[in-house]
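Given only the sequences and the hints, what does the whole structure look like? Please build it.
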Amino acid sequence: MAMHIEFLIEDSSGAKLLETLVPKIIGDIGSPHTWRFHSYKGIGRIPRKLTKADNAAKRQLLTQLPKLLRGYAKTPGIDLIVVLVDSDTEPCSDLLADLKRVATDSGIQHVLFRIAIEEVEAWYLGDRPALTHAYPRAKPAILNTYVQDSICGTWELLADAVEAGGSARIKSKGWPRPGEVKHQWAEAIAPHLNIDANASPSFRKFVEGIRRFTS
1 MAMHIEFLIE DSSGAKLLET LVPKIIGDIG SPHTWRFHSY KGIGRIPRKL TKADNAAKRQ
61 LLTQLPKLLR GYAKTPGIDL IVVLVDSDTE PCSDLLADLK RVATDSGIQH VLFRIAIEEV
121 EAWYLGDRPA LTHAYPRAKP AILNTYVQDS ICGTWELLAD AVEAGGSARI KSKGWPRPGE
181 VKHQWAEAIA PHLNIDANAS PSFRKFVEGI RRFTS
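For the sequence shown, position 43 (counting from the first letter as 1) is numbered 43 according to the numbering used here, and the numbering increases by one without interruption.
Just so you know, these hints were derived from the structure itself, not from any lab.
All C-beta atoms in this analysis are idealised placements derived from N, C-alpha and C, irrespective of residue type, glycine included.
Each hint should be verified, as a subset may be incorrect.
Pair by pair, the computed Cβ-Cβ distance ranges are [stated by the list, open to error]:
{"no.": "1", "residue 1": "Ser172", "residue 2": "Ala199", "range": "26 to 36 Å"}
{"no.": "2", "residue 1": "Lys74", "residue 2": "Arg169", "range": "46 to 56 Å"}
{"no.": "3", "residue 1": "Arg211", "residue 2": "Pro76", "range": "18 to 28 Å"}
{"no.": "4", "residue 1": "Ile195", "residue 2": "Met3", "range": "11 to 21 Å"}
{"no.": "5", "residue 1": "Gly42", "residue 2": "Pro91", "range": "14 to 24 Å"}
{"no.": "6", "residue 1": "Ser172", "residue 2": "Ala197", "range": "33 to 43 Å"}
The following block contains the structure:
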């Protein structure tokens, strides 16, 4: 059965990644399914009062999520909502419990929450061949220190491995340079990701979840 899926992602670099990744999972050519991506300006926080009218100008995903899911629950023609967020330093189980609470309150039936541990850059680090294909001069000494899906400053570690001057140089330039670099990684690495061979458990859960609904 053909499905329409709405993907909610916390930032535009994550959306850039999924623009390449999702067709690999679902099958772009000849697929009966359709989808759209919606990126936000950061993760934000789930409001304490889920019915509170939030400032619409704050385009942060979790800040707007209760309102978004209530709206989707009343919208025909949408078969699945996929929400992808980074865990950052929050325990995954706590974040997932909060997300499920929002879904229950909204009355929505079909929503899939997926959490990248600690950041979505863990998915690039989980596929060394894809990463080194995009960045042949990546520093193996740094890559070899990475413990998959660990809380370690994931994007900084990747930057130290593949960018001249590493994360320190990127941070010294201020915003929006970190976001620009993350966009570059999505464009360079995502096309080479093997959806069936990634060391990241959170990546594998994302792929499994999408396939479960669309196969």
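Comparing the hints with the structure gives:
{"no.": "1", "hint": "Ser172 / Ala199: 26 to 36 Å", "in the structure": "holds (31 Å)"}
{"no.": "2", "hint": "Lys74 / Arg169: 46 to 56 Å", "in the structure": "holds (48 Å)"}
{"no.": "3", "hint": "Arg211 / Pro76: 18 to 28 Å", "in the structure": "holds (25 Å)"}
{"no.": "4", "hint": "Ile195 / Met3: 11 to 21 Å", "in the structure": "holds (18 Å)"}
{"no.": "5", "hint": "Gly42 / Pro91: 14 to 24 Å", "in the structure": "holds (20 Å)"}
{"no.": "6", "hint": "Ser172 / Ala197: 33 to 43 Å", "in the structure": "holds (36 Å)"}
Of the numbered hints given earlier, the model fails none.
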